[in-house]
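Novice: Between the sequences and the hints, there should be enough to build the whole structure, so can you do that?
The sequence shown begins at 3 in the numbering used here and counts up by one.
The hints are simulated quantities; they were obtained by calculation from the structure and are not laboratory data. A quick note: this is a predicted structure, and the numbers were derived from the prediction, not measured. Warning: the hint list may mix true and false statements.
Below 30 Å or equal to it, Euclidean Cα-Cα: the simulated DSS-like pairs (lysine-lysine) are [as the list claims (entries may be wrong)]:
#, residue 1, residue 2
1, Lys-284, Lys-142
2, Lys-130, Lys-142
3, Lys-32, Lys-142
4, Lys-142, Lys-40
5, Lys-284, Lys-130
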Amino acid sequence: MTLRELEYLIALADHRHFGRAAEVCRVSQKTLSTQIRKLEDHLGAALIERTPRSVMLTPFGRDAVARARRIMGEVEEMRRAALSCRNPEIGSLRLGIFPTLGPYLLPHVVPRLRERYPQLELLLLEEKSENLLARLREGKLDAAVLALPIEDERLQVEFLFEERFLLAVPARHPLARRDTLALNELGGYDLMLLEEGHCLRDQALDVCRVSGAAERASFRATSLETLRQMVGAEVGMTLLPELAARSPASAQISLLRFNDPAPSRRLALCWRRSSAMSQFLKEIAALLREISLELLPDGEQNAA
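Specialist: Written out as structure tokens, the structure reads:
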């Protein structure tokens, strides 16, 4: 069994097509097929169900792919550990962030990272939290900014900052005449929320449960900016994280702060405990925390 064979197996699992997997691996389709059969012969069990139109993994094949991903992840960590011994600031950093935070934090973070680490190649991925966690565990990301809690003993979690939620209402709404409100005053109102899969949706639903508010079931948005536009169009009201609320204000929207204790979300930088970049990622976390203090000077910054 060789690492190359495991690489071919993972590519085949990802693409479910011999031709596309071979193209990604930069070998001929015949070579890839032959190596997969050699791996099956070595293991003494079928990995692939071969049909004229599709490629499917056998139950053992799915287990083998999961193990192969972990093995290749450890091999990549070994390579990165060797590079890290020389200089962790030279190379690449694969950083993930979720969509309801990325557009509002990254424009402040990226210039500072480039200034402090001019030789670092920053590779950014914006995805929903569930996908970021999967890529992090598989070794496809070095770190990700995620909302707490994160329940995974394999991950190092470094608290960054706490971001409060604001209530966004149409400018002609009765609440627009106010600057603040108590959370329980949301009872009886409907809130527009994001679609399934966004961690902000789950956080907003928690606010609804505590306050007595309800979700507007007739509309679910794909992005925060869609929610903002719908508020401006007087369709309804929604919750906006504080960084998103700092975007250019619209005359059609009024923002209200909640009285303490205000609803909020806690953000952290997460990476694998086995990562060779751990010390460097702690420096990155410190920089992110420093930037958050500048952006949210009145926010809660206590460590978890």
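Novice: If a hint holds in the structure, say so; if it doesn't, say that too.
Specialist: Now for the hints, and whether the structure bears them out:
{"no.": "1", "hint": "Lys-284 / Lys-142", "result": "19 Å, holds"}
{"no.": "2", "hint": "Lys-130 / Lys-142", "result": "15 Å, holds"}
{"no.": "3", "hint": "Lys-32 / Lys-142", "result": "27 Å, holds"}
{"no.": "4", "hint": "Lys-142 / Lys-40", "result": "27 Å, holds"}
{"no.": "5", "hint": "Lys-284 / Lys-130", "result": "23 Å, holds"}
Taken one by one, the earlier hints all hold for this structure without exception.
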